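J.: Sequence:
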Amino acid sequence: MELVSNQKHLNSLKIHPVPCSEEFQRGILNRFRGDPAGHLCRDDKVMLLVGQKASEKSKREERRVIMTDMRLLANLILRMRVVALQPTLKGEDLVDRNHFDSLTEAIQSLSKNEDYREEM
Numbered sequence: 001m002e003l004v005s006n007q008k009h010l011n012s013l014k015i016h017p018v019p020c021s022e023e024f025q026r027g028i029l030n031r032f033r034g035d036p037a038g039h040l041c042r043d044d045k046v047m048l049l050v051g052q053k054a055s056e057k058s059k060r061e062e063r064r065v066i067m068t069d070m071r072l073l074a075n076l077i078l079r080m081r082v083v084a085l086q087p088t089l090k091g092e093d094l095v096d097r098n099h100f101d102s103l104t105e106a107i108q109s110l111s112k113n114e115d116y117r118e119e120m
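FYI, in full-length UniProt numbering the residues of the sequence shown are 1 to 120.
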């Protein structure tokens, strides 16, 4: 019972589900555009974990590289949503074998479409 009320409280505060350093929040997350890929980068648990790990792993790596990698992964998830006709797919669904066919089709679609880089 207490866990449910705590989750509602966290949701009402709009706190990220993954603890992010202030530097990561300020230097990377706050710089994403307000488009669907940018929202996914800021709000998806897996996206936050990937970005935070990349940021911690290489302090010298430019934030632009980290942001580009995160947007590329976000665009893959967005394309997977279209292919699967499931608008609620998240980063964790990338590794769910039930969505493997959709992931494969999304990868093929992105790799065939040269214009996807313009979306980033």
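Read the hints as simulated data drawn from the structure, not as lab findings.
Computed from a prediction, not measured in an experiment: that's the story for all the values here.
Keep in mind that a hint or two might mislead.
[Unchecked claim] With a cut-off of at most 27 Å between alpha-carbon atoms, the simulated DSS-like pairs for lysine-lysine come out as follows:
no., residue 1, residue 2
1, Lys90, Lys57
2, Lys45, Lys90
3, Lys90, Lys112
4, Lys57, Lys45
[Claimed, not checked] Ranges between beta-carbon positions, derived for each pair:
no., residue 1, residue 2, range
5, Lys112, Pro36, 34 to 42 Å
6, Ile107, Val65, 31 to 39 Å
7, Ser21, Thr68, 29 to 37 Å
8, Ser58, Phe100, 27 to 35 Å
9, Arg64, Ser111, 28 to 36 Å
10, Asp101, Glu62, 33 to 41 Å
11, Thr104, Ser21, 30 to 38 Å
C-beta: ideal position from N, C-alpha, C; glycine also.
J.: Lys45 and Lys90 were given as a pair; does the straight-line alpha-carbon distance stay at or below 27 Å?
T.: holds (8 Å)
J.: Range hint 33 to 41 Å: satisfied by the CB atoms of Asp101 and Glu62?
T.: At roughly 35 Å between Cβ atoms, Glu62 and Asp101 fall inside 33 to 41 Å, so the hint holds.
J.: Just to be sure I understand the hint, the distance between the Cβ atoms of Ile107 and Val65 should be within 31 to 39 Å; is that true here?
T.: Cβ of Ile107 to Cβ of Val65: about 21 Å, so the range 31 to 39 Å is violated.
J.: If you check the beta carbons of Thr104 and Ser21, does the distance land in 30 to 38 Å?
T.: holds (34 Å)
J.: Taking 34 to 42 Å as the hint, is the beta-carbon distance of Lys112 and Pro36 inside that range?
T.: Violated - the Cβ-Cβ distance for Lys112 and Pro36, about 21 Å, lies outside 34 to 42 Å.
J.: Honestly, do Arg64 and Ser111 meet the 28 to 36 Å range at C-beta?
T.: Roughly 22 Å apart at Cβ, these two residues miss the hinted range, so it is violated.
J.: Is 27 to 35 Å a correct range for the gap between the Cβ atoms of Ser58 and Phe100?
T.: holds (30 Å)
J.: Run the distance test for Lys90 versus Lys112: straight-line Cα separation, threshold 27 Å.
T.: Holds. Lys90 to Lys112 sits at ~23 Å (cutoff 27 Å).
J.: Next pair to validate is Lys90 with Lys57; report whether the Cα-Cα distance is within 27 Å.
T.: The hint holds at about 24 Å.
J.: Are the Cα positions of Lys57 and Lys45 separated by 27 Å at most?
T.: holds (18 Å)
J.: Check the following: the C-beta atoms of Ser21 and Thr68 are separated by a distance inside 29 to 37 Å.
T.: violated (20 Å)
The structure does not agree with the numbered hints 5, 6, 7, 9 stated previously, though it agrees with the rest.
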